[in-house]
Amino acid sequence: MPARNAKQWDKIPGKIASGEYVDSRIYSDRNIFEEEITKIFKKVWTPVCHESELSEPYSFRTMTVAREPVMVVRGADNQIRAFLNVCPHRGNMIENRPSGSFEQGSPSGAPKHMTCMFHAWQFDMKGNCVHISRGSEGYQDRLACSDVGLRRLRCEVKYGGFVWVTLNDAIDQTVEEWAGGAFDCMEKSLNAEPLEVFHYHKAIIPCNYKLWHDTNSEFYHDYLHYHNRITGFNDSYFARKNIGFDNGHVNVGSFEVQYDQYEGFESREELSFPHLPNNHWEMIDFFPGVNFNLRGSALRCDIMTPLGPDKVMIEFRGLGLKSDTPEERLIRQRHHNSIWGPFGRNLHEDLLAVSTQQATMNEWADKRRILHGRHEVDADGDPTIHDEEGMRHFYDAWGRWMDRWPGDPELSFEEGQKREAA
Amino acid sequence: MSESMNKQVAISNVIYKASLFLDEHRWDDWLNLCHEDFYYAIKAFSPEINYDMIYMDGNREDMRTITDMLPKHNSDNSPLARHTVVYTVEMDESQDTATAVSSFAVYKTELDGINSHALAGESNIFLVGKYRDKFGFDNGEPFFMERIVQLDTRRLDKGSHFPI
Ligand code: FES
Ligand SMILES: [Fe+2]
Numbered sequence: 001m002p003a004r005n006a007k008q009w010d011k012i013p014g015k016i017a018s019g020e021y022v023d024s025r026i027y028s029d030r031n032i033f034e035e036e037i038t039k040i041f042k043k044v045w046t047p048v049c050h051e052s053e054l055s056e057p058y059s060f061r062t063m064t065v066a067r068e069p070v071m072v073v074r075g076a077d078n079q080i081r082a083f084l085n086v087c088p089h090r091g092n093m094i095e096n097r098p099s100g101s102f103e104q105g106s107p108s109g110a111p112k113h114m115t116c117m118f119h120a121w122q123f124d125m126k127g128n129c130v131h132i133s134r135g136s137e138g139y140q141d142r143l144a145c146s147d148v149g150l151r152r153l154r155c156e157v158k159y160g161g162f163v164w165v166t167l168n169d170a171i172d173q174t175v176e177e178w179a180g181g182a183f184d185c186m187e188k189s190l191n192a193e194p195l196e197v198f199h200y201h202k203a204i205i206p207c208n209y210k211l212w213h214d215t216n217s218e219f220y221h222d223y224l225h226y227h228n229r230i231t232g233f234n235d236s237y238f239a240r241k242n243i244g245f246d247n248g249h250v251n252v253g254s255f256e257v258q259y260d261q262y263e264g265f266e267s268r269e270e271l272s273f274p275h276l277p278n279n280h281w282e283m284i285d286f287f288p289g290v291n292f293n294l295r296g297s298a299l300r301c302d303i304m305t306p307l308g309p310d311k312v313m314i315e316f317r318g319l320g321l322k323s324d325t326p327e328e329r330l331i332r333q334r335h336h337n338s339i340w341g342p343f344g345r346n347l348h349e350d351l352l353a354v355s356t357q358q359a360t361m362n363e364w365a366d367k368r369r370i371l372h373g374r375h376e377v378d379a380d381g382d383p384t385i386h387d388e389e390g391m392r393h394f395y396d397a398w399g400r401w402m403d404r405w406p407g408d409p410e411l412s413f414e415e416g417q418k419r420e421a422a
Numbered sequence: 001m002s003e004s005m006n007k008q009v010a011i012s013n014v015i016y017k018a019s020l021f022l023d024e025h026r027w028d029d030w031l032n033l034c035h036e037d038f039y040y041a042i043k044a045f046s047p048e049i050n051y052d053m054i055y056m057d058g059n060r061e062d063m064r065t066i067t068d069m070l071p072k073h074n075s076d077n078s079p080l081a082r083h084t085v086v087y088t089v090e091m092d093e094s095q096d097t098a099t100a101v102s103s104f105a106v107y108k109t110e111l112d113g114i115n116s117h118a119l120a121g122e123s124n125i126f127l128v129g130k131y132r133d134k135f136g137f138d139n140g141e142p143f144f145m146e147r148i149v150q151l152d153t154r155r156l157d158k159g160s161h162f163p164i
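In order, the protein sequences belong to chains A and B. Read in order, the letters of the first sequence are residues 1 to 422 in my numbering. Read in order, the letters of the second sequence are residues 1 to 164 in my numbering.
If you are wondering where the hints come from, they were derived from the structure by calculation, not from laboratory data. Warning: the hint list may mix true and false statements.
[Unchecked claim] Below, computed lysine-lysine pairings styled on DSS-like, alpha-carbon distance capped at 25 angstroms:
id	chain 1	residue 1	chain 2	residue 2
1	B	K43	A	K322
2	B	K130	B	K108
3	A	K202	B	K108
4	A	K202	A	K15
5	B	K134	B	K43
6	A	K202	B	K43
7	A	K126	A	K43
8	B	K130	B	K43
9	A	K241	A	K311
10	B	K17	B	K43
11	A	K311	B	K108
12	A	K202	B	K134
13	A	K39	A	K322
14	A	K15	A	K322
15	A	K311	A	K42
Produce the entire structure from the sequences given, and follow the hints as far as they go.
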């Protein structure tokens, strides 16, 4: 049939079922966004940085989680702890730098302490308040150091040294339980020896965080990339499987990349990760907004911080082994950069596509159906690489957390399920 | 003018010429200003991870491969314009090689990156940093031996397929 009129355009196309598309308002509606922050991002575990970014006692990193300012600190005992980066006195942000060390005192405070510059309250690396300026003069016996302290956050160092934090004290799962087996495919490689971050850059993109996660989860868009058009589309590529795990996480399994088909690329066989077969590739799309990508010699990790319904910050990291020689490190950097660097071949194309995708779904745009109804299975009936099971799996988890039906967010999840069954 | 002064002026000129060629996507003309053993790198220091990073690097042949592939990629085709100012040119004692430091800002004028109806024509700063260049001479004419693009910018919303 030719181009559609308004009524035809509004109809569900073909025999696509209601669990095979989402309503574009989930990418643009401000209320839905606020609800995601409260119901999902404030509730789950998320990696915030890598332990190599705090290599010495007293070093720290700052960031935000679900808009709350967070600080991660390595104590004198080498233990990594996380706190809200908020002073219990008058709510100032305690540390403003992205990273650094408390070893030297700040202008308002003593060495080896965190000092709030405003009125110089001081805290130790465990978050205890150890000094209130003119405390007894001002508070007499009404408030002492022991009555205040930093708000500690649950924190684990897990899966190759990533620092995981949650704002949710009541969470009943460890990071491992929350991962639900999604890391099985690369855990051995990540934990074989200490890792180190060699690449960091950030992008703030005018798109909803889920559009970036979708793009990481669906490989059908490899048509976007010259690199993949040249190297990717062979039998082993199409044999890759999509595997869903509890809590909305997804794996896309290994295949051999034909790097030598792509001009300007030496094969990555020369250097790999421990326990990773040469030229293999493992990827985890971790709910709700993290991606781990282990390919050849480099590990990439994207952490998304949603900033608004149509705005997301993505932090891109590249990691190698701490024990790398300078030559090995350079190889890993080059491999990482060639595809995933800010001047690399693929990353810019992915960011371009999600920006133009969001451009049709702004806050005031009419709602539309965004399809993820591809089923492409192998002889065992397992979804393969161009099957859109990854997105369906994510939106199933998303719908349950939000109690909204992704295909029509005005329905509760249960109402949506009933409609789908009918 | 002394030979050394002549060479210094010629170096400034070739830096400006390179900026124009890069602005105009005249990749071959740019690479023809570079020696066979030319090395190019985009670097940045990240305070977040406390690490001197390389964002891209290669020799002249690598750069040619990259620029030859540009038409095959999907790109944000918004033009980039460099505002370059040569700060210092220093000749070595033998007068055979030289180094130069320039400051640059790259402006991006939107074309097709997001929503062209609303945004095409809008200019924004895309990158700032320094060029750290090394030169040799052929019959008194300078050519690039090395260009290190040292970026201050580390938020790269949509990067670029183009050398900077
Ligand atoms: S707000 Fe921190 S010491 Fe006053
Ligand atoms: Fe992609």
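Here is what the structure says about each hint:
no. : hint            : in the structure
1   : B:K43 - A:K322  : 20 angstroms, holds
2   : B:K130 - B:K108 : 17 angstroms, holds
3   : A:K202 - B:K108 : 18 angstroms, holds
4   : A:K202 - A:K15  : 40 angstroms, violated
5   : B:K134 - B:K43  : 16 angstroms, holds
6   : A:K202 - B:K43  : 15 angstroms, holds
7   : A:K126 - A:K43  : 23 angstroms, holds
8   : B:K130 - B:K43  : 10 angstroms, holds
9   : A:K241 - A:K311 : 31 angstroms, violated
10  : B:K17 - B:K43   : 22 angstroms, holds
11  : A:K311 - B:K108 : 20 angstroms, holds
12  : A:K202 - B:K134 : 30 angstroms, violated
13  : A:K39 - A:K322  : 37 angstroms, violated
14  : A:K15 - A:K322  : 52 angstroms, violated
15  : A:K311 - A:K42  : 18 angstroms, holds
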